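So the protein sequences, as listed, match chains S and F. Each residue of the first sequence is one higher than the one before, starting from 809 at the first, in my numbering. Each residue of the second sequence is one higher than the one before, starting from 16 at the first, in my numbering.
Think of the hints as simulated: they come from the structure by calculation, not from any bench. Values in this document were obtained by computation on a predicted structure and should not be read as measured data. Please note that the accuracy of each hint is not assured.
To be verified - Subject to a maximum C-alpha distance of 20 Å in a straight line, what follows is the list of computed SDA-like cross-link-like pairs (lysine to any residue): (1) F:217 <-> F:227; (2) F:208 <-> F:239; (3) S:949 <-> F:45; (4) S:1052 <-> S:948; (5) S:949 <-> F:47; (6) F:229 <-> F:249.
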Amino acid sequence: MFKFTLRRLFFAVPTLLVISFVIFALLDLAPNNPTGDLPLTIPPEVREQIRAALGLDQPFLIRYLRWLHQFFINEPLNILEQITGWQFGDGHRLRVLSWATRSPVVDLVVQRMPQTLWVVGLSYLFGVLLAIPIGVLSAYKQYSIFDQIGTFISMVGYSVPTFFTGVLLIVVFSSYLHWFPSVYDTNLRVTDWSSLMAQIKQMFLPVMVLTLYNVSHISRFVRASMLDNLHQDYVRTARAKGVKEKTVLLVHVLRNSLIPVVTVIALGVPTIFSGAIITEQVFRVNGLGQLLIVAVQGGDIPMVQTLTFIFAVLIVLFNLIADVLYGILDPRIRYD
Amino acid sequence: MTDVAAIPSTVSTTPPRSLMAATWRQFRAHRGGFAGLIVFVAILLIVFIGPLIHSVDPNKIDIRAKNQGPSLLHPFGTDNLGHDMLAQVMAGGRISLAVGITAMLLALFLGTLVGVTSGYFRRLDGPLMRLTDLFLALPLLPLLLVIIMLFRDTLRSYFGPETGIFILIVFVIGVTSWMHTARIVRGDVLAVKRLEFVMAAKSSGMREYRIILKHILPNVMSSIMVSATLGIASAIITESALSFLGLGFPSDFPTWGRLLFDGASFLQITPSRVLWPGLAISLTVLSVNYLGDAVRDALDPRMLKS
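Next comes chain S alone, as it looks inside the complex (with noise of 0.2 Å):
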């Protein structure tokens, strides 16, 4: 197993360097000028400068080696020393810097992650939590109402487009019954109880909408899943054997059903993050997302580069850890 690992993380490595080139290439390759947008009355030489400020002035090889020197040595190094406040070198590394701001991306990246990880990570978690228990009563009693009013409630959910859902709750939530706000508020400091209970009113929308969607999501692998081993020979056995029905259910079938379920939620969260993208531009959340949207329309492309690389290293690394984690669980799964 241990083996596989070291395997899997040497393989990831060219596949993370393929992949930040194959986004390199594609935002160089394009027919888009970032200084285009300045204005005509610029003279040629100005214009050269303002390009080799950029760094634009070199070819694109040294180009795309300098970027990778900068976030896999030069950022790594920096985050060190924060943490430590040991001193590597003289402190004066060239970090990668985002043309509309001119401040480093990292830094930029570090204030937007928490309120996408509050957002996304609590739906997740609620999504996880529902979804187990409504997978298995419909698979404990499938055909049931429950299960079919469980199952088709799955398939809106997961059909509906989280953008539709979040208006749709905005509309009625918020325009109608004015429960909740529909912007969210990043300025918001959790001191007191008033201002902990405006945090948790503005959170609760759009946590409620990537929740219905993880859970419609989730609940259908684990009802498949608990489905599967619910017809299993061994389930037979234990019954025969007199074990009682909430042990058999919920010791024999629930453990083996969730190992698939387990790299099913691990897969799950980089897509998430792309997710919530769509999710923070309704509820206008300052998160990872609408950084990267705004990076987009601006056409700031270090910042495109690093977001979406650090989108990629997400789903590398969650494969890797649900390819693990399956390992792990299933001991029939070898792969030495």
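Since chain S is already given, all that's left is putting chain F on it; use the hints.
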């Protein structure tokens, strides 16, 4: 179902023998799938035949009749420029469905091509599957946004604003959603390749491409069909998500996602502007998903009752 009885069979009580009839019977038994088919056909009819009945130009601006509620003249009301919403939703549906279906066909073609070649030719299997893994690891939504932002203007100047963006979006969605089809088709091809009739065809000197077209493809058709139905749904969702983020079609060339995006700014005045396009997207995707479920069940030989 009545024409099946005409087929002579040894025992009159046996169910239909032909595969198509059995599949259809299995499909009919799936109530959700059948309902999905009816709803999907109804949406297609409304969107394509509806404009003949409700013949209002979707782009006609009537500023005096702006932000109206539903009336006999404008059943879905009007927007802030006096566009008739029903006509807009129908026009948007034509584009959304066209994008969904074309993108699905492109993704299906690419997926089948990659799947069949990597399943059939062992030498290409490794590289092609690594390529598939690589595409699966790409963060799709951010990349779609980036590609559209960067190439939108160039394509617009080449093909005109409408065709340019249509080509771009269909191409981009198709190119980024073939991977699941490729994996499923490859698995099926690997299984079919070992069967005896393929060996027989090979030993009788049949050309490779004829074996693939005549023997392999018909046998992996069922999984291609399932990916096709589910592909339409995801293509429609992706297109509306892009339009919703303001990076899809322009406003004068509305799709359901774009209508929803434009309507979201007028939530307080005319909430129905959000409701109708959103409902249309949701109903289409829901019906197509049910359809896909039913097709999968109907084509699954394990589910086929004799």
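A quick look at each hint next to the structure:
With a C-alpha separation of about 11 Å, the suggested pairing of residue 217 of chain F with residue 227 of chain F holds against the 20 Å cut-off. Only pairs whose Cα atoms come within 20 Å are accepted, and residue 208 of chain F paired with residue 239 of chain F is accepted, the gap being roughly 17 Å. Proximity of residue 949 of chain S to residue 45 of chain F is assessed by CA-CA distance (about 19 Å); at most 20 Å being required, the pair is judged to hold. Among the hinted pairs, residue 1052 of chain S with residue 948 of chain S is consistent with the structure: their alpha-carbon atoms are about 15 Å apart, no more than 20 Å.
For the proposed pair residue 949 of chain S and residue 47 of chain F, the alpha carbon gap of about 19 Å is at most 20 Å, so the pair holds. Under the criterion of a C-alpha separation no larger than 20 Å, the hint pairing residue 229 of chain F with residue 249 of chain F is inconsistent with the structure, at around 30 Å.
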